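*Asks:* With the sequences and hints as input, model every part of the structure.
Each residue of the sequence shown is one higher than the last, beginning at 244 in our numbering.
Because the hints were derived from the structure by calculation, they are not lab data.
The structure displayed is predicted, hence computed values, not measured ones.
Some hints here could point you the wrong way.
Calculated pairs, SDA-like style, for lysine to any residue (alpha carbon to alpha carbon, straight line, at most 25 Å) [claimed, not checked]:
id : residue 1 : residue 2
1  : 656       : 646
2  : 477       : 517
3  : 477       : 456
4  : 477       : 647
5  : 477       : 369
6  : 656       : 581
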Amino acid sequence: MSDDRKLCFVIMGFGKKTDYESGRTLDLDATYEAIIRPAVERAGLRCIRADEVIHSGVIDLEMYEMLLRADLVVADISTGNPNAIYELGVRHALCPNSTIVMKEDAGRLYFDLNHVSTFHYRHLGEDIGAREAGRAARDLQILIETALASGKPDSPVYTFLPRLRRPMLTEEEFADLVDEMEAEQLRLAELIHRAEKLAGDSDHLGAAAAFRAANTLKPNDPFIVQQLALATYKAGQPDQISSLIEGIRIIAALNPDQSNDPETRGITGAMYKRLWLATHQPAQLDMAIRHYRRGFEVRGDYYNGENLATCYDMRAELQTNPNEALFDQMSAHKTREDIVANLRPVLEDQASSERSDLKWIHATMANCLFALGDDAAANFHEVQFRSLQPAAWEIATFEDGRSRAVVTGTARKASR
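*Replies:* Dropping the structure here:
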């Protein structure tokens with residue numbers, strides 16, 4: 244049975260992407276699943292996501308056709324994705340109306356878009372809180388319905404060139420194209436959802452297989468490559484060292500040595516850290532520090548920062564030169580001070596209770612404060628962490644870091 248609903252084509256990135264202007268990582272899948280798709284479907288439209296269209300890596304005939312023929316286009320340009328911005332420009336050139344531009348609050352508008360009406364929403368860390376998602380989806384639905392009903396130009400091209408006429412194409416093969424693209428979208432989404440569920444169930448081998456299949460559909464997408472590398476090394480097959488080497492080989496597609504993506508740097512650093520723990524080769528620890536340090540420098544990412552401080556402490560214990568050991572100890576100390584300073588305003592934000600990573604923020608604060616010798620404040624955050632009902636593996640991860648942090652804090656107090 245044919246689907247007679249109007250079509251909304253969504254232009255946006257995929258997975259977790261870093262916005263280098265605001266220095267934050269945004270989960271664009273959360274934007275799509277919690278805000279855009281619900282708003283579009285409640286408005287009675289069929290929703291297809293542009294970034295899940297499978298093509299050769301360049302804008303091809305199918306993409307141009309969708310940009311021309313879609314009844315509505317929603318373009319999320321939150322992270323300055325060049326493909327999304329280019330596709331938005333093509334849409335503005337091809338169609339006078341029914342185009343909605345949206346972005347996350349902290350991001351900036353790129354190029355000559357300051358005069359274009361833009362819908363705003365807010366991320367809390369990587370994800371979106373339930374209240375904000377509900378608010379944004381409701382407001383976006385109203386905006387969609389208004390845009391479709393008004394018929395007024397929202398393209399700056401047609402606003403400034405009012406005599407310009409929209410190009411037209413026949414209906415031939417368009418319906419089949421939409422069906423094909425929707426099927427590919429669903430296939431990729433199902434693979435990723437399956438992989439994430441398997442990873443959540445600690446079936447890392449199964450997760451790696453699903454992410455590998457997703458990578459064949461969308462080769463070298465940063466999110467998929469990151470998660471494939473992560474699942475591969477966590478699977479530990481055929482043995483720990485081999486799996487770590489394979490994970491490093493996989494993530495090499497993202498050129499981690501030159502990357503400013505904290506997620507890429509953090510996963511790469513984790514693999515080198517584990518190689519160091521398995522092989523005790525100092526070069527592996529140096530590489531872990533290099534990647535964690537860059538991941539922390541880019542946006543003060545607390546995951547990279549806490550691991551950076553831990554690796555500094557590890558290297559300090561190896562140093563034969565007292566000055567080098569002191570440098571690493573002071574670097575670890577300063578890193579933890581910076582993490583605490585960065586996270587305090589995050590916790591003071593009234594919306595912090597909706598953050599999905601709240602338990603990890605408290606865990607990180609606790610471990611950093613234990614290492615800094617502030618046991619009272621550390622104990623408070625440990626209680627907050629445990630009150631959020633972490634899973635057994637999350638408690639084990641926290642306690643592993645806590646044991647080292649307590650030793651560091653004890654040594655610090657003894658040296659005063």
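*Asks:* A separate judgement is required for each hint: does it hold in the structure or not?
*Replies:* To see whether the hints hold, each was checked on the structure:
| no. | hint | in the structure |
| --- | --- | --- |
| 1 | 656 - 646 | holds (16 Å) |
| 2 | 477 - 517 | holds (10 Å) |
| 3 | 477 - 456 | holds (18 Å) |
| 4 | 477 - 647 | holds (22 Å) |
| 5 | 477 - 369 | holds (22 Å) |
| 6 | 656 - 581 | holds (19 Å) |
Checked against the numbered hints above, the structure violates none of them.
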